[in-house]
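Chain A is already provided as a structure; the job is to place chain B on it using the hints.
So the chains spell out like this:
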Amino acid sequence: MGKLLEVAGLTKRFGGLLAVKELSFAVAGGEILGLIGPNGSGKSTVMKCILGIERPTAGSVRIAGTEVAGWPAHRIARRGVGIVFQHSQPLPRQTVLEHIEIALLPDSLLRLFADRHVAERARAIAARVGLERVMHRLPRTLPFADLRRLELAKAIARNPTVVLVDEPFAGLTAAEVADFSALIRSFRDDGHAVLLVDHNVKSVAALVDRVLAMYLGERIAEGTADEVMRDDTVRRVYLGGRIQTTAHDTRRNTERQPLLQVEGLSVSYGKAQALEDVSITVGAGEFVSVVGLNGAGKTTLFNAICGLVPATGAIRFDGQDLRASSAARIARGGLVQCPESRELFGDLSVRENLDLGGQHLTRQACARQLDWLFELFPILRARGDQSARTLSGGEQQMLAIARALMMQPRLLILDEPTLGLAPVILELLSKALDRLRRTTDITVLLGEQNITFALPHADRVYVLEHARIVWEGPPDRLAAEAGAGLL
Amino acid sequence: MLGSRNFWLAMAALVVLYLLPFGVSGYVLGLLTVAYYYAVAAMAWDLLFGFAGEVNFGPSFLVGLGAYTATLLNVYAAAPILPCLLAAAAAAVAGGLVLAVPALRLRGPYFGLVTLVAVLLLQNIIVLFSGITGGEIGLALTDVLAIDDHTNYWYALGFMTVSGGLLFGLSRSSAGLILQASGQDAVQAAALGFNVAKHKLAAFCISALFSGLAGAMLVFYLGTASAGTVVDIGIGVQFIIAAVLGGRRTIIGAAIGSIFLIVAGEVLRPLGELSTFVVSSFALVVILFLPGGFLGLLAGRRG
Numbered sequence: 001m002g003k004l005l006e007v008a009g010l011t012k013r014f015g016g017l018l019a020v021k022e023l024s025f026a027v028a029g030g031e032i033l034g035l036i037g038p039n040g041s042g043k044s045t046v047m048k049c050i051l052g053i054e055r056p057t058a059g060s061v062r063i064a065g066t067e068v069a070g071w072p073a074h075r076i077a078r079r080g081v082g083i084v085f086q087h088s089q090p091l092p093r094q095t096v097l098e099h100i101e102i103a104l105l106p107d108s109l110l111r112l113f114a115d116r117h118v119a120e121r122a123r124a125i126a127a128r129v130g131l132e133r134v135m136h137r138l139p140r141t142l143p144f145a146d147l148r149r150l151e152l153a154k155a156i157a158r159n160p161t162v163v164l165v166d167e168p169f170a171g172l173t174a175a176e177v178a179d180f181s182a183l184i185r186s187f188r189d190d191g192h193a194v195l196l197v198d199h200n201v202k203s204v205a206a207l208v209d210r211v212l213a214m215y216l217g218e219r220i221a222e223g224t225a226d227e228v229m230r231d232d233t234v235r236r237v238y239l240g241g242r243i244q245t246t247a248h249d250t251r252r253n254t255e256r257q258p259l260l261q262v263e264g265l266s267v268s269y270g271k272a273q274a275l276e277d278v279s280i281t282v283g284a285g286e287f288v289s290v291v292g293l294n295g296a297g298k299t300t301l302f303n304a305i306c307g308l309v310p311a312t313g314a315i316r317f318d319g320q321d322l323r324a325s326s327a328a329r330i331a332r333g334g335l336v337q338c339p340e341s342r343e344l345f346g347d348l349s350v351r352e353n354l355d356l357g358g359q360h361l362t363r364q365a366c367a368r369q370l371d372w373l374f375e376l377f378p379i380l381r382a383r384g385d386q387s388a389r390t391l392s393g394g395e396q397q398m399l400a401i402a403r404a405l406m407m408q409p410r411l412l413i414l415d416e417p418t419l420g421l422a423p424v425i426l427e428l429l430s431k432a433l434d435r436l437r438r439t440t441d442i443t444v445l446l447g448e449q450n451i452t453f454a455l456p457h458a459d460r461v462y463v464l465e466h467a468r469i470v471w472e473g474p475p476d477r478l479a480a481e482a483g484a485g486l487l
Numbered sequence: 001m002l003g004s005r006n007f008w009l010a011m012a013a014l015v016v017l018y019l020l021p022f023g024v025s026g027y028v029l030g031l032l033t034v035a036y037y038y039a040v041a042a043m044a045w046d047l048l049f050g051f052a053g054e055v056n057f058g059p060s061f062l063v064g065l066g067a068y069t070a071t072l073l074n075v076y077a078a079a080p081i082l083p084c085l086l087a088a089a090a091a092a093v094a095g096g097l098v099l100a101v102p103a104l105r106l107r108g109p110y111f112g113l114v115t116l117v118a119v120l121l122l123q124n125i126i127v128l129f130s131g132i133t134g135g136e137i138g139l140a141l142t143d144v145l146a147i148d149d150h151t152n153y154w155y156a157l158g159f160m161t162v163s164g165g166l167l168f169g170l171s172r173s174s175a176g177l178i179l180q181a182s183g184q185d186a187v188q189a190a191a192l193g194f195n196v197a198k199h200k201l202a203a204f205c206i207s208a209l210f211s212g213l214a215g216a217m218l219v220f221y222l223g224t225a226s227a228g229t230v231v232d233i234g235i236g237v238q239f240i241i242a243a244v245l246g247g248r249r250t251i252i253g254a255a256i257g258s259i260f261l262i263v264a265g266e267v268l269r270p271l272g273e274l275s276t277f278v279v280s281s282f283a284l285v286v287i288l289f290l291p292g293g294f295l296g297l298l299a300g301r302r303g
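Sequence order for the protein chains is A and B.
Oh and the first sequence: position 248 is 248 in my numbering, straight run, nothing missing.
Oh and the second sequence: position 147 is 147 in my numbering, straight run, nothing missing.
In isolation and in its complexed conformation, chain A is listed as follows (with noise of 0.2 angstroms):
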């Protein structure tokens, strides 16, 4: 069958990041290809400018032969591009039948009432779907998996030519997992194009004819899924080329008071679960690092651990349990997070979001403070009158970490520093990382899904896997005993 999708040079800036760099690739009918990647590396980009979601900076999106690159997301949409998200906002007082007749509905303003055969189409992609038993509920009674269903029969009722999935199994159990791979090869089947978007390999393995691996807006791989499970680029993106550990000082082996004790630990998000009875200890003085991919829960764990998310199980910072205080007084606390997303204060200058860090500081003390973090990042002193939004996203990482030692932290978290940076940054931040650890006692928990960046500055690491710690241990024996699941 001839390609359906064709994607050629397309190219996605946001301001100075270039966050899809000349991709090229083709989907033909009856076809699945995985377009894998880490976090940050761009597959979502790629997936918005195919949707119309995002417009392509530069290159061609074709569905069957018809050039659609820069069109409302509504009209690719109906040129036959489906998507199946991973979950959307339901209506509050629709049903699930009508959730999927919604998705059957042209798009008029006089419409006012459905053809009689919209209703009974309905149903027949909910019995196909398994959503039968549960038609006449309402979303917000049903279980997540339901949920997905939901969104997978919304796709099917529009017969896309074209079906983009957002990472199939998030949040699925096994019997799940084989239903969903069964419907997902029904597109195939029945002559669609598919693109499955996720995180890793290993995930899709069982279900594409090939994968695309990208890395910082780039293709580093193409081939059957084996051929990219060994493919060297790919093991060095996800694994890391040389895994180094560092040598340690004697920091490394000392007993440890322990300064954060996590025990039980769960949360959920409505429907799915996100972490389940996870304990970690932290000693004083640590450095321990929590590694797993996207959607693993380490993010979770950290919102948990800062009061951000509610959860079950117990939390101690220096013997206090922390589950009574606010997330403001955990973070006056001396544990402080530096979050994933950054949350840099955009407008505001490089110094005002520094000082926003060190309000509670004296003003002497604030600028030693100062003094010290511009030695460690001597960027943000150059740049200390600009606005923290124009900075680059090197620049920006290390402004969101300055701005949290700034509160002078008992306990850093990291939260995946090295998102969407390039290779070099990253070796600047894993230097100011090392000297952070050999000039202060600070104690410090690093999640991160790039393990190359994890394991040199960790004494000890945990390994994040659907919700559960799965390993716990010494960073030189990682590759060996858990290298395996992360790929």
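By construction, these hints were calculated from the structure, which means they are not laboratory data.
Hints may be right or wrong, so weigh each one.
Unchecked claim - If you anchor each label on the Cβ, the simulated ranges turn out as follows:
#1 A:E120 x B:V16: 50 to 58 angstroms
#2 A:G16 x B:L106: 19 to 27 angstroms
#3 A:W372 x B:L106: 55 to 63 angstroms
#4 A:P474 x B:L284: 57 to 65 angstroms
#5 A:P258 x B:R105: 34 to 42 angstroms
#6 A:P474 x B:P109: 49 to 57 angstroms
#7 B:R107 x A:A182: 36 to 44 angstroms
#8 B:W8 x A:A206: 35 to 43 angstroms
#9 A:S341 x B:L106: 37 to 45 angstroms
#10 A:G16 x B:P291: 55 to 63 angstroms
Stated by the list, open to error - Only some residues are given here: those of chain B computed to face chain A with a beta carbon under 8 angstroms:
#11 S4
#12 N6
#13 L9
#14 A12
#15 L106
#16 L177
#17 I178
#18 A181
#19 Q184
#20 A190
#21 L192
#22 N195
#23 A202
Built from N, CA and C at the ideal position, the CB exists for glycine as well.
Below, chain B alone, put in the same frame as chain A:
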């Protein structure tokens, strides 16, 4: 959801309302007449907020446009009532379009802010040209709908019944469903092939149409138009509170809320200045603790 029981309940309530003139004083009828016109504006507002998901902070901009178009035509062009009403509706839709086309491009709270500024502008223009518009003192119309209390009451009630029926039907139609989906999750709606901007714009036009008509009918009932009675921000806030109080996303709730607000204000009149305070506090409590409003409470009881 819409059981036939609800339908008969609404019918029974309407019958009672239609027979009311035979049982209560002209004073009460006068109050309710105003309440019904407010109700239409509040219902039109709910179509935007409840279904399209856009907060219009300036419903009185659309009401005021309709009211003043009708007034000026009636006073200066000696146009009869019916053409005045049609022109009022057209002017509100046109004004709404001028406002909404650029404003709907904005994201976040900016749409609401633009509508807020629009009210201030309109109010300013009316005061600036007070030689023509009558400004804050008001301008007397040449015609009125009727002199008789009962006829006026039935006009208003009929207008509310028809408008409410149309708006309610629209909200439950296929187009209403698409509108609701667009308001809830615009990206998803676009991915399903719906032109979100088109549906929201249409909703804005329909909302403007009914708001403009309500404004025009109101001034033809009152006999005068003044910035304080049809354009003031405070009037717009009344519509908003009425709709939220009655129950978002229900259309009918907005009408119930409007009637409640006016009746409550009247019952509490002996409290003097304090009555507004009590009504506002009550509204605040409802918004804080019963975001579903009166109808949400009823639905929650049964569900």
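Structure-based check of all given hints:
no.: 1; hint: A:E120 x B:V16: 50 to 58 angstroms; result: violated (41 angstroms)
no.: 2; hint: A:G16 x B:L106: 19 to 27 angstroms; result: holds (25 angstroms)
no.: 3; hint: A:W372 x B:L106: 55 to 63 angstroms; result: violated (43 angstroms)
no.: 4; hint: A:P474 x B:L284: 57 to 65 angstroms; result: holds (58 angstroms)
no.: 5; hint: A:P258 x B:R105: 34 to 42 angstroms; result: violated (54 angstroms)
no.: 6; hint: A:P474 x B:P109: 49 to 57 angstroms; result: holds (51 angstroms)
no.: 7; hint: B:R107 x A:A182: 36 to 44 angstroms; result: holds (39 angstroms)
no.: 8; hint: B:W8 x A:A206: 35 to 43 angstroms; result: violated (56 angstroms)
no.: 9; hint: A:S341 x B:L106: 37 to 45 angstroms; result: violated (23 angstroms)
no.: 10; hint: A:G16 x B:P291: 55 to 63 angstroms; result: violated (42 angstroms)
no.: 11; hint: S4; result: violated (17 angstroms)
no.: 12; hint: N6; result: violated (13 angstroms)
no.: 13; hint: L9; result: violated (18 angstroms)
no.: 14; hint: A12; result: violated (23 angstroms)
no.: 15; hint: L106; result: violated (17 angstroms)
no.: 16; hint: L177; result: holds (5 angstroms)
no.: 17; hint: I178; result: holds (6 angstroms)
no.: 18; hint: A181; result: holds (5 angstroms)
no.: 19; hint: Q184; result: holds (5 angstroms)
no.: 20; hint: A190; result: holds (4 angstroms)
no.: 21; hint: L192; result: holds (5 angstroms)
no.: 22; hint: N195; result: holds (5 angstroms)
no.: 23; hint: A202; result: holds (5 angstroms)
Checked against the numbered hints given earlier, the structure breaks hints 1, 3, 5, 8, 9, 10, 11, 12, 13, 14 and 15 and satisfies all the rest.
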